[in-house]
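Add chain B to chain A, keeping to what the hints say.
The chain contents come next:
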Amino acid sequence: MVRKEDTVRLISAEGYEFVIEREAALVSNTLKNMLTSTGAFTETQLGEVRFPEISAPILEKVCQYFYWSLQFASGKETEFHIDPEMTLELMMAANYLHT
Amino acid sequence: MFIRVKRKKTTYFLHCDPSESVLETKQKLQALCDVHVDKQRLILVEPETILDEAKSLEEQQVGCDALVALTYKIQGMNEETNEETDSWEEINIEKPIDPKASLRKDHNKVNNTNL
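As you go down the protein sequences, you meet chains A and B in turn. If you read the first sequence in the UniProt record's numbering, its first letter stands for residue 1, the second for the next number, and so on. If you read the second sequence in the UniProt record's numbering, its first letter stands for residue 1, the second for the next number, and so on.
Honestly, the hints are just simulated from the structure, not real lab data. Glycine included, each C-beta is placed from N, C-alpha and C at the ideal position. Treat the hints with care, as some may be off.
With a straight-line Cα cutoff of 25 angstroms, these simulated SDA-like cross-link-like pairs (lysine to any residue) come out [said to hold, decoys possible]:
(1) A/61 - B/97
(2) A/76 - B/58
(3) A/61 - B/28
(4) B/95 - A/76
(5) B/9 - A/94
(6) A/61 - B/17
(7) B/28 - A/46
(8) B/9 - A/78
(9) B/95 - A/13
(10) A/61 - B/63
(11) A/4 - B/8
(12) A/76 - B/1
(13) B/95 - A/17
(14) A/76 - B/20
(15) B/8 - A/89
Covered stretches of chain A (chain B as the covering partner; in silico rule of three or more C-beta atoms under 8 angstroms from a C-beta of chain B) [claimed, not checked]:
(16) 24-35
(17) 47-61
Residues from chain B shown here face chain A by an in silico Cβ test under 10 angstroms; the list is partial [to be verified]:
(18) 33
(19) 39
(20) 88
(21) 94
Same shape as in the complex, but just chain A (with noise of 0.2 angstroms):
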């Protein structure tokens, strides 16, 4: 049972909002420093961590690829389709979450 002091939000340029679990946020090397760090970063106390450089499309491809890589971790193949109008931005992106 998912309780609200599991998840992490992340906010995009736009201000939209992802509510994702932490076990998915934890993919990114970026986010997992950021959360689990004593202290370090405001993002520990609030759960919630913004990215004004990423847009919310992206934002929503790369939180589907966190779920999507927690279920090949478990063994479960599966495509993971991306356009190619938005490989760049989604590179980007993936750099900077260390993904």
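Just chain B, lined up with the frame of chain A:
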């Protein structure tokens, strides 16, 4: 599997089992958005179907990464009968403005005039 539940500017990503009932999904949402299951309505976006609490997700064609809209019951009292009104919000999912879409349209216009 996971599904996306959207309302206005918020998207909730939820891990769920295809065989779980819609009621169980609403209970997970209750923990996240603090709205009681009775005041939640889940609607599969394509094809537009109000999801039945008693049935399971897979029975109602809700698959992995499915997009589901969340609407709340509108608070109100019927003055005559003194009962709560039974009306629900319209599906309201905000779509971000895609700057590239407008660029593409202009590009097409230019192509047509050249022909």
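Results of checking the hints against the structure:
Our distance criterion of 25 angstroms between C-alpha atoms is met by residue 61 of chain A and residue 97 of chain B, whose separation comes to about 16 angstroms. For the given pair, residue 76 of chain A sits about 18 angstroms from residue 58 of chain B by alpha-carbon distance, which is consistent with the 25 angstroms threshold. About 22 angstroms separates the Cα atoms of residue 61 of chain A and residue 28 of chain B, which keeps this hinted pair within 25 angstroms; it holds. Simply put, residue 95 of chain B and residue 76 of chain A have alpha-carbon atoms about 31 angstroms apart, too far for the 25 angstroms limit, and the pair is violated.
A threshold of 25 angstroms between alpha carbons decides the hint, and for residue 9 of chain B with residue 94 of chain A the separation of about 23 angstroms falls inside it, so the pair holds. A distance of roughly 21 angstroms separates the Cα atoms of residue 61 of chain A and residue 17 of chain B; the hinted pair therefore holds under the 25 angstroms criterion. Restraint check for residue 28 of chain B and residue 46 of chain A: satisfied, since their Cα atoms lie roughly 20 angstroms apart, inside the 25 angstroms limit. Proximity of residue 9 of chain B to residue 78 of chain A is assessed by CA-CA distance (about 28 angstroms); at most 25 angstroms being required, the pair is judged violated.
Of the supplied pair hints, the one linking residue 95 of chain B and residue 13 of chain A holds, its CA atoms being roughly 13 angstroms apart against a limit of 25 angstroms. For a cut-off of 25 angstroms, the pair hint linking residue 61 of chain A to residue 63 of chain B stands: about 17 angstroms separates their Cα positions. At roughly 19 angstroms between alpha-carbon atoms, residue 4 of chain A and residue 8 of chain B fall within 25 angstroms of each other, so this suggested pair holds. Proximity of residue 76 of chain A to residue 1 of chain B is assessed by CA-CA distance (about 10 angstroms); at most 25 angstroms being required, the pair is judged to hold.
Our distance criterion of 25 angstroms between C-alpha atoms is met by residue 95 of chain B and residue 17 of chain A, whose separation comes to about 12 angstroms. Restraint check: the Cα-Cα separation between residue 76 of chain A and residue 20 of chain B comes to about 19 angstroms, which is no more than 25 angstroms; the hinted pair holds. This hinted pair checks out: residue 8 of chain B and residue 89 of chain A have alpha carbons roughly 24 angstroms apart, not beyond 25 angstroms. Taking a C-beta to C-beta cut-off of 8 angstroms, the stretch 24-35 of chain A contributes 1 residues in contact with chain B, too few for the three needed, and the coverage statement is violated.
Here's how the stretch 47-61 of chain A fares: 4 of its residues keep a CB closer than 8 angstroms to some CB of chain B, so the rule of at least three is met and the hint holds. This hint holds: residue 33 of chain B has a C-beta 9 angstroms from the nearest C-beta of chain A, less than the 10 angstroms allowed. Annotation: interface hint on residue 39 of chain B violated; nearest CB of chain A at approximately 17 angstroms, more than 10 angstroms. Hint status for residue 88 of chain B relative to chain A: violated, with the closest Cβ pair at about 22 angstroms, above 10 angstroms.
Taking 10 angstroms as the C-beta contact cut-off toward chain A, the hint placing residue 94 of chain B at the interface holds, the least distance being around 7 angstroms.
Checked against the numbered hints given earlier, this structure breaks hints 4, 8, 16, 19, 20; the rest are met.
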